[in-house]
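Chemist: Here is how the chains run, residue by residue.
2 protein chains.
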Amino acid sequence: MAKPLFQKVVIFGVGLIGGSLSLALRSKHAVGEVVGFGRSLQTLAQAQQLGIIDRSGSDLATELGDADLVFLATPVGQMPEIMARIAPYLGTHTVVMDGGSTKCDVVGYAYKHLAESVAHFVPAHPIAGGEKSGATAARADLYQNKKVVITPMPENSAATIARIREAWEVCGASVSELTPKQHDEVFAAVSHLPHLLSFALVHGLVKRENHDLLLSFAASGFRDFTRIAASSPEMWRDICLANRDTLLVEMGRYEEELSALRNALSEADGERLGEIFSVAHAARSKWTP
Amino acid sequence: MAKPLFQKVVIFGVGLIGGSLSLALRSKHAVGEVVGFGRSLQTLAQAQQLGIIDRSGSDLATELGDADLVFLATPVGQMPEIMARIAPYLGTHTVVMDGGSTKCDVVGYAYKHLAESVAHFVPAHPIAGGEKSGATAARADLYQNKKVVITPMPENSAATIARIREAWEVCGASVSELTPKQHDEVFAAVSHLPHLLSFALVHGLVKRENHDLLLSFAASGFRDFTRIAASSPEMWRDICLANRDTLLVEMGRYEEELSALRNALSEADGERLGEIFSVAHAARSKWTP
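Top to bottom, those sequences are chains L and G.
According to the working numbering, the first sequence holds residues 22 to 310 in order.
According to the working numbering, the second sequence holds residues 22 to 310 in order.
Rather than coming from a laboratory, the hints here were simulated on the basis of the structure.
Note that the structure is predicted; figures quoted are calculated from it, not measured.
No residue lacks a Cβ here, since even glycine has one placed at the ideal position from N, Cα and C.
A few of these clues could be false.
A partial selection of chain G residues facing chain L, derived with a Cβ cut-off under 8 Å [stated by the list, open to error]:
1) 125
2) 200
3) 211
4) 219
5) 226
6) 227
7) 247
8) 248
9) 249
10) 258
11) 269
12) 270
13) 278
14) 284
Taking lysine-lysine pairs in the PhoX-like style, the calculated list, with each CA pair at most 25 Å apart, reads [claimed, not checked]:
15) L:153 - G:153
16) G:228 - L:202
17) L:202 - L:228
18) G:228 - L:228
19) L:228 - G:168
20) L:153 - L:133
21) L:307 - G:202
22) G:228 - L:168
23) L:153 - L:24
24) L:228 - G:307
25) G:307 - L:307
Can you make the complete structure from the sequences, with help from the hints?
Modeler: Structure follows, in structure tokens:
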């Protein structure tokens, strides 16, 4: 049998993101052994039962030196501590990546906590997920035909970046490179802002006295517009806080956009309203994910 | 063979809404003959070819007196003229309904243009549709398990209202009654505002220099949030203008909601952000259309 792409993979956080990477690598015979670390023994046991990991790890000192790939798939808030704990034990050939939704903050943590091991670390953001989370939601095809953005560090060698690309590509994803700042600006605009707007719409409706009446007549447009308001509140709180400055700029832009629409509407300016809607309609009709 | 529910149905506007009513009534053997009127001879010919209408009508004076049901399924803007033209010819037993997305304006047109025939007319709004329109998009099951709101006129007899209810129920819809004002408030909140917000997001992105980069990383959250921005610009311009005052109130409420979120974010108030997101998450997770 051919040697797998990675003999040993260590995953921190065996939920949707971490679990799906493992299942995808396994389905492609791209991994020998998968070892899981996590805060909850119950989740680790469940992940083992689901065939996501071979076993849960207990001792970083012995597990990391021969690891080919380490994947930090926890909430971003846990990464500083994990980075500090793993830094002393990484093997010379070990490559490390994360799966967080924001990148400037993760890069900052890496410089602070990985110290000289920073050259091993390639920040990554798989553009996949959804409202469901946890090990039971993990699937081997989660990354199939999805995009992954990596934001390499100046310290990374070409070989390290190539290994991380391979990890995602073997799972069916296509890999793009951006700077951390570009990444956070793009995702503030096309992901973080829409989530915030969707949460705001539902929150504004729910707090009204007649919310049962209102929601009883909501239909498919509402359903799709608010699907992302069913996302994890904790995860989105953390993303918004992590990308706060850029997201505030996006909110300001959007508020200006709304204010222009409000003016057109209050002046009953059908021509202007029609123009705005037509531009959006044309762009959205030709866009495909 | 049993007598159908409606021997003769006349439909103005044989697109998605009008065409689907005809196909639904036909599939339930609830109609004898369907006659179509419209501004485009080509559309009428197409509707005939698709089996939506038996024939296109040419003379209102001869077609309306023996019609059991007349359905105004055109854009709302065309209704005043059609109402004025049909009023003199309606049979004593003819019932009339519309399918418009706003109701206060339609009720106003009915009083003005249907004159004493206003008792025949029951305003209706089927909560169905989507981005697609036109006769080719019509389907027999469009109204299956959908809601239809009717806003009866004080002049309607119980028998007239019951006939209109039957028309929708035989197509698989469930019928609710609201006042026109209630209707327009509910739909401003759960439909018109989300459309406007979705158009605004896409318009704001498209006008930016780097819109190709931005849109290339947009994923499933963006896809669903902006699905309604692919809706007809003309139809939504008209809906927004027709429901302008109520929609402006909803916009004001939403802007306050956004402003509260902006404050929480700029103060890095994670607790407040988390609360807002949690309330929205809980409500959206338990909601079903």
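Chemist: So, for every hint listed, does it hold in this structure?
Modeler: Outcome of the hint check:
1. Checking residue 125 of chain G against chain L by beta carbon gives a least distance of about 15 Å; that is not within 8 Å, so the hint is violated.
2. A least Cβ separation of about 12 Å between residue 200 of chain G and chain L goes past the 8 Å threshold, and the interface hint is therefore violated.
3. Look at residue 211 of chain G: its Cβ gets to within about 4 Å of chain L, closer than 8 Å, so that hint holds up.
4. With a least beta-carbon distance of about 6 Å to chain L, the hint placing residue 219 of chain G at the interface is held under the 8 Å criterion.
5. Among the interface hints, the one on residue 226 of chain G holds; its C-beta lies about 6 Å from the nearest C-beta in chain L, closer than the 8 Å criterion.
6. At a threshold of 8 Å, the smallest CB-CB gap from residue 227 of chain G to chain L is about 4 Å, leaving the interface hint in force.
7. Interface restraint check for residue 247 of chain G: the shortest CB-CB distance to chain L comes to about 5 Å, inside 8 Å, so the restraint holds.
8. A hinted interface residue such as residue 248 of chain G counts as satisfied when its beta carbon comes closer than 8 Å to some beta carbon of chain L; here the least separation is about 5 Å, so the hint holds.
9. Taking 8 Å as the C-beta cut-off, the interface hint given for residue 249 of chain G holds, the closest approach to chain L being about 5 Å.
10. For the restraint placing residue 258 of chain G at the interface with chain L, the shortest Cβ-Cβ distance is roughly 4 Å, inside the 8 Å limit, so the hint holds.
11. A least Cβ separation of about 6 Å between residue 269 of chain G and chain L falls short of the 8 Å threshold, and the interface hint therefore holds.
12. The restraint placing residue 270 of chain G at the interface with chain L is violated, with a minimum CB-CB distance near 11 Å, outside the 8 Å limit.
13. The interface hint given for residue 278 of chain G is met, as the beta carbon of that residue sits about 4 Å from the closest beta carbon of chain L, less than 8 Å.
14. Hint on residue 284 of chain G is violated. Least Cβ distance to chain L is approximately 10 Å, over the 8 Å limit.
15. Only pairs whose Cα atoms come within 25 Å are accepted, and residue 153 of chain L paired with residue 153 of chain G is rejected, the gap being roughly 29 Å.
16. About 21 Å separates the Cα atoms of residue 228 of chain G and residue 202 of chain L, which keeps this hinted pair within 25 Å; it holds.
17. Of the pairs offered as hints, the one joining residue 202 of chain L and residue 228 of chain L is violated, with about 36 Å between alpha carbons and a cut-off of 25 Å exceeded.
18. A distance of roughly 34 Å separates the Cα atoms of residue 228 of chain G and residue 228 of chain L; the hinted pair therefore is violated under the 25 Å criterion.
19. Between residue 228 of chain L and residue 168 of chain G, the direct Cα distance comes to roughly 24 Å. Compliance with the 25 Å bound is thereby established for this hinted pair.
20. A hinted pair counts as satisfied when its Cα atoms are at most 25 Å apart, and residue 153 of chain L with residue 133 of chain L does not qualify at roughly 32 Å.
21. About 36 Å separates the Cα atoms of residue 307 of chain L and residue 202 of chain G, which puts this hinted pair outside 25 Å; it is violated.
22. Restraint check: the Cα-Cα separation between residue 228 of chain G and residue 168 of chain L comes to about 24 Å, which is no more than 25 Å; the hinted pair holds.
23. A distance of roughly 34 Å separates the Cα atoms of residue 153 of chain L and residue 24 of chain L; the hinted pair therefore is violated under the 25 Å criterion.
24. For the given pair, residue 228 of chain L sits about 15 Å from residue 307 of chain G by alpha-carbon distance, which is consistent with the 25 Å threshold.
25. The straight-line distance between the Cα atoms of residue 307 of chain G and residue 307 of chain L is roughly 33 Å, outside the 25 Å bound, and the hint therefore fails.
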